[in-house]
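Go by the hints and put chain B onto chain A.
2 protein chains.
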Amino acid sequence: MNIGIIGSGNMGSGLGKIWARRGHQVIFSFSRDMNKLNELARSVPNSRAASPAEAVEQSEVVLLAVRWANVEEAIKAGGSFKEKVLIDCTNPLNPDLSDLAIGHTTSAAEEIARLAKEAKVVKAFNTVFAEVYHSSSRRFGTRMTSMFYCGDDVEAKATVEKLIKEVGFEPIDAGPLKVARYLEPLGMFMVQLGYVRGMGTNIALSLIRR
Amino acid sequence: MNIGIIGSGNMGSGLGKIWARRGHQVIFSFSRDMNKLNELARSVPNSRAASPAEAVEQSEVVLLAVRWANVEEAIKAGGSFKEKVLIDCTNPLNPDLSDLAIGHTTSAAEEIARLAKEAKVVKAFNTVFAEVYHSSSRRFGTRMTSMFYCGDDVEAKATVEKLIKEVGFEPIDAGPLKVARYLEPLGMFMVQLGYVRGMGTNIALSLIRR
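Chains A and B, in that order, are what the protein sequence lines are.
Numbering of the first sequence is given in the numbering used here, commencing with residue 158 and proceeding in unit increments.
Numbering of the second sequence is given in the numbering used here, commencing with residue 158 and proceeding in unit increments.
Simulated from the structure, these hints should not be mistaken for lab results.
Treat the hints with caution; some may be incorrect.
Copies of one chain are not kept apart here, so a pair can be met inside one copy or by any two copies together.
Each computed DSS-like pair below joins lysine-lysine, with the alpha-carbon atoms no more than 25 Å apart [to be verified]:
1. Lys335 <-> Lys239
2. Lys319 <-> Lys239
3. Lys319 <-> Lys335
4. Lys322 <-> Lys174
Looking at chain A on its own, in the form it has when it is part of the complex:
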């Protein structure tokens, strides 16, 4: 396959290298520094450097791997995407990585903290199906579910961490309460997989490390 890469930074170069190694023809494009782009293409067999318009024109699949701030410019530079498979691996983060730049403004947890005055709100247990709690074990074979939780009160979080362990999960402190803005879509995502995609309720997430 011919695979065009728009945005040849850390992400685009990493994926491009792998696909080139698998025998695809990779075209790297969209760099502030043409020397770097050429150097990258020289170092990766089955690859070359080109303009975004050439990369799109000559590929069936295009990977968009630019910062959110550059998305519009990059797409314009790509020209026509008619019939192209466009893989979007962007995350629309603020420039300082502090939050999502679009589409996300609040969370149930934050609203609940406003309603339940003086409560020490901790978000937890929203990413696993109730059926898992009702079954005889929380184990998935030898594997353990990671339970992400977040909140603004240190002591309250310590209490909840203990309760998570008692349920049989690995507790993972995800930070302050506003991280519920990511944990609630994650809960919704599990609903999407379990019910809409038909995977059922015996699914869970495990954070793996190395």
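Only chain B this time, still in chain A's reference frame:
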């Protein structure tokens, strides 16, 4: 510990049972059907049924496990939450479970589909750090990263599925492109764990099943 449960449905009863079995005193509350609530309490040692106000008043920890539509009513019924640890396990879903009811309005992927006219946009590769692509292997010991992807074009998704396998991940079709509204917060969540929480970039998610 005394643990009050507001909302004694599937979620609240499941967690309440586990904690009661661990030796905590559990108070179930907030049910449309007092008979069911009493029956639940009778069937679970170390538990009793009460009003939400009593459940809150007599507990150090309160689990809020009601539907999003009932949150405000449930919190009012709970009275004062002063100094209480309030565990929020709600997901603010629409009544038909079709989407998040608050806080989420669009996604980068959907914006990109609008900008790149006629492209077959597929969201993928946004939940793993670039460093993982640059390293010598995608394996985490014996464990495999699950790569969630979504899009509206069946053929484009088949192509991306193949590319995901070639990278060394387990592809999981998460549905239509608007599911990017959950996948992008998940990308942001990984940034939160990796950078803000200091877990580093050698982390990934594995969907476990049983």
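Outcome of the hint check:
1. Lys335 <-> Lys239: The answer is between: 20 Å across copies meets 25 Å, while 39 Å in one copy does not.
2. Lys319 <-> Lys239: between (54 Å within a copy, 21 Å between copies)
3. Lys319 <-> Lys335: Classified as within: same-chain Cα gap 21 Å, cross-chain 36 Å, threshold 25 Å.
4. Lys322 <-> Lys174: The answer is between: 15 Å across copies meets 25 Å, while 41 Å in one copy does not.
Every hint from the earlier list agrees with this structure, and none is contradicted.
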